[in-house]
Amino acid sequence: MNEAVIERGIALVGAILVGVTAIVQLRNDWAAHGLDAGLTKVLLGLMALGCVLALLAAVNVLGVRT
Amino acid sequence: MAAAAAQHLSGHDAIAARYRDVDPVYGETRDIRLLGFVFFLLSDCILFSSFIFAYVYLRISAPAWPPFLGGHQLPWFDTSFAAMNSIVLFGSGVTMHFALENWKHLNKAKFNGWLIATIVLGIGFLLGQAHEYSVVGISWTGTTMGASFFTLTGMHGFHVFAGVCYLTILGLQANRGTYTGSKYFGLTAGTLYWHFVDVIWVFLFFLFYIW
Amino acid sequence: MQAGTSTTHEAHDAHDHIHPPPEGFVRKYVFSLDHKVIGFQYFFTGLLIMFIAGSFAELVRLQLTDPNGAIMSHTAYNEMFSMHGTAMVWLVLIPLVTGALGNFVMPLQIGARDVAFPWLNMASFWILPVAALILFSSMLWGGPHAGWTEYPPISLADGTAGALWCLAIFTIGISSTMTGLNFMVTIMKMRAPGMTWTRMPLFIWATFATALMNMVATVALSVAVGALFLEHVFSVPFFDPARGGSVVLYQHMFWFYSHPAVYIFIIPAFGVVSEVLPTFARKPIFGYKMIAFSSMAISILAFTVWMHHMFPSGIAPWLQLPFMILTYAIGIPTGIKIFSWMATIWGGRIHFTSSMLYALGFLITFTFGGLSGIFLASVPVDLHMHGTVFVVGHFHYVVAGGAVMGFLAAVPYWYPKATGRMLNERLAQLGFWLFFIGLNGTFLPMHWLGLEGMPRRTATYAGFAKAFPDAVFWNQFETAFSFLMAAAIGLLAFNVIWSLRHGTLAGINPWGARTLEWTISSPPPYYNFKKIPQVFDRPYNFDQPLPYRNTDNELDEFPEFGRVLMPIPQPVGAGA
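Residue numbers (our numbering), protein chains in the order written: chain A, 1 to 66; chain B, 67 to 277; chain C, 278 to 853.
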């Protein structure tokens, strides 16, 4: 039980940190063009989505509730 | 003048014209290699999608999920540890992005720092997966749940492992002078690969821990 | 566009390195990076395996001359037809039509010096013999028994042989994926300056559509056989119903690849026919854009029809209707092609060379096979005929009468370019008649036998022969004619080797064809093009000068015609 709380705490803080950074990077790269830049934008966007998922899982909205 | 002409071109003509001023040979080979690499990622994506299709198909057509084994219903996967481990992997994507940005700005020391951070986080994720495997409480051959879980996450883990090796090699090459401030396709490819591996995990995390 | 082509032309000049050819036998002929040599390697490997797989087919036919089985046990029969199908599909047809033709012709037609990733190309070829060895070595363990599809749970009884089958197909799948990737990049990035998408020869369009399917669909097959391999070796329960698995899942994963696979064979054949027909009818191709578009349409639609192979497999009834309609829809682009080809030869000056004969034969047999395919697309008809030899007849009309026929049209057409000598025309024409008559004699009776209910994949048919006594005669008839096809392939192999020495010299352009490969010497030098040519138009306007500048020979006028054809024809269909 304690372990799960610690894990969720780390996940919550990390998700906010990583997600915000990813979105900031996405904004910085928004003007770049080319195949690699376009793909990077898509992948970064999906990763930000992943951070949202992890965040919601950490606050017990999604996934198995503990 | 070339830029003005390039506006009227399309497709490979335009791309060739864009790079002509910089370095025609590098421009063309970089373009070809980039497209080849993106197609490789696409085919890799289909590799995962096919197994994901199998998992979704089996799960939807199963009478109960999690399935029963020997009269007992199997446990759900534990979300909290996986959420933390996901953040480790996603964080490594961000650090890899910083590494590439610093290489573009010719800041080699910071590049090395962020690359090492990426590799460490990648290894951390693998260790986390090893821990997850030891506590998950299902087996590869028991039911379709275990079959899908271990096959998909195992393949993903293999990709992460390969990526860690790949990034290590790229770091060694970069410090030996293989890449310059304007020619660093290998690093771009490495970054794309690493982001791709992260994004695969987004889907796997959703499918196994949240759905 | 004029300004654009000159701009990019300079860009190409900047790396007009002409590498010297490699030294030494191994570098030159074994681990060669040259796309032409790799094409020959695919050709001869494919032909060799075709003999092995073809002899399996003859054994199958011999067995069926007697309703109780003439020559072998049931197990051996199962092994024979399984190996025949597997080897023909993955080790013969795909290597021949994409590997051999694609490798040899495609870079020449787009004016490139090689494919995008020569090393990858070499690796894809060398995977093929390894996969062939793995596949044929499975016969030491009794071989696969469940047909070329290897459906579980029957295939799970094959044990080691089944695992080796999976391994072989997985390996060959990797090779195909790499080839597809390589060709996609080559066609997208390495065309000669000025060769826009709508100026590409139709064979390039076909190769592009094929490469797309190779790259996308083959991975799904690798996953299917990979999962089957895991089930064989580690007992992972993907397809084991007792542990929650599903045997229908395998069929979904398998056909998601294998339906596009049949288009992987046939679309290069379409491309060949689109080159051969206008060349020997001396008329511009009719409906260039529609033919190109329909190739792409087929390659995309191909991913949406796989369930028509599974109508009897217990898929949901509401899924049957959409898949039936989508399958009918594939007939539309195919029909566009057939009608465009007929309009191309209509009113042309037709030269009945051996390639033209094969291409015309293709029009007949492929159309026939396509029509019986429309029958099978209909759910009620398919439920009746799925397990009968009607399916075998349909499939072989499309594959032997379509893909192989197209390939056989390509061999005499590009042989002069590849070797510098003409294929013996008489032998090639004799080969055509043997093949055409043999094909129809072998597979036509299967249609009515199937309608009467003769089961496929069975070593004996005594029960059916009792109900339908003519079956014995027709099966013996089919067996007799199947040997004509075998003779035609043997004749082709003899001709290919004999003409290397004794064929008449071909010159640069024996057919008066207009694509880029006919502007360089035959056989082409190691670097293909001394100067990268510029392209101004599609290659099919036979009444106009060649649309190229900066070619190695500066052919501005009609090219010289070789010995085979009549004197220079007058422009036909002026203004067309």
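Calculated directly from the structure, the hints in this document are not laboratory data.
A hint or two may mislead.
[Unchecked claim] DMTMM-like cross-link-like pairs, simulated, lysine to aspartate or glutamate; straight-line CA separation at most 20 Å:
(1) 41/A to 198/B
(2) 170/B to 36/A
(3) 249/B to 36/A
(4) 170/B to 29/A
(5) 305/C to 335/C
[Stated by the list, open to error] So the derived list for chain B, only partly shown, Cβ under 7 Å to chain C, looks like this:
(6) 105
(7) 112
(8) 128
(9) 168
(10) 248
No experiment lies behind these values; they were computed from the predicted model shown.
All residues carry an ideal CB built from backbone N, CA and C; glycine is no exception.
Structure-based check of all given hints:
no.: 1; hint: 41/A to 198/B; verdict: violated, 30 Å
no.: 2; hint: 170/B to 36/A; verdict: holds, 14 Å
no.: 3; hint: 249/B to 36/A; verdict: holds, 14 Å
no.: 4; hint: 170/B to 29/A; verdict: holds, 13 Å
no.: 5; hint: 305/C to 335/C; verdict: violated, 36 Å
no.: 6; hint: 105; verdict: holds, 5 Å
no.: 7; hint: 112; verdict: holds, 4 Å
no.: 8; hint: 128; verdict: holds, 6 Å
no.: 9; hint: 168; verdict: violated, 30 Å
no.: 10; hint: 248; verdict: violated, 17 Å
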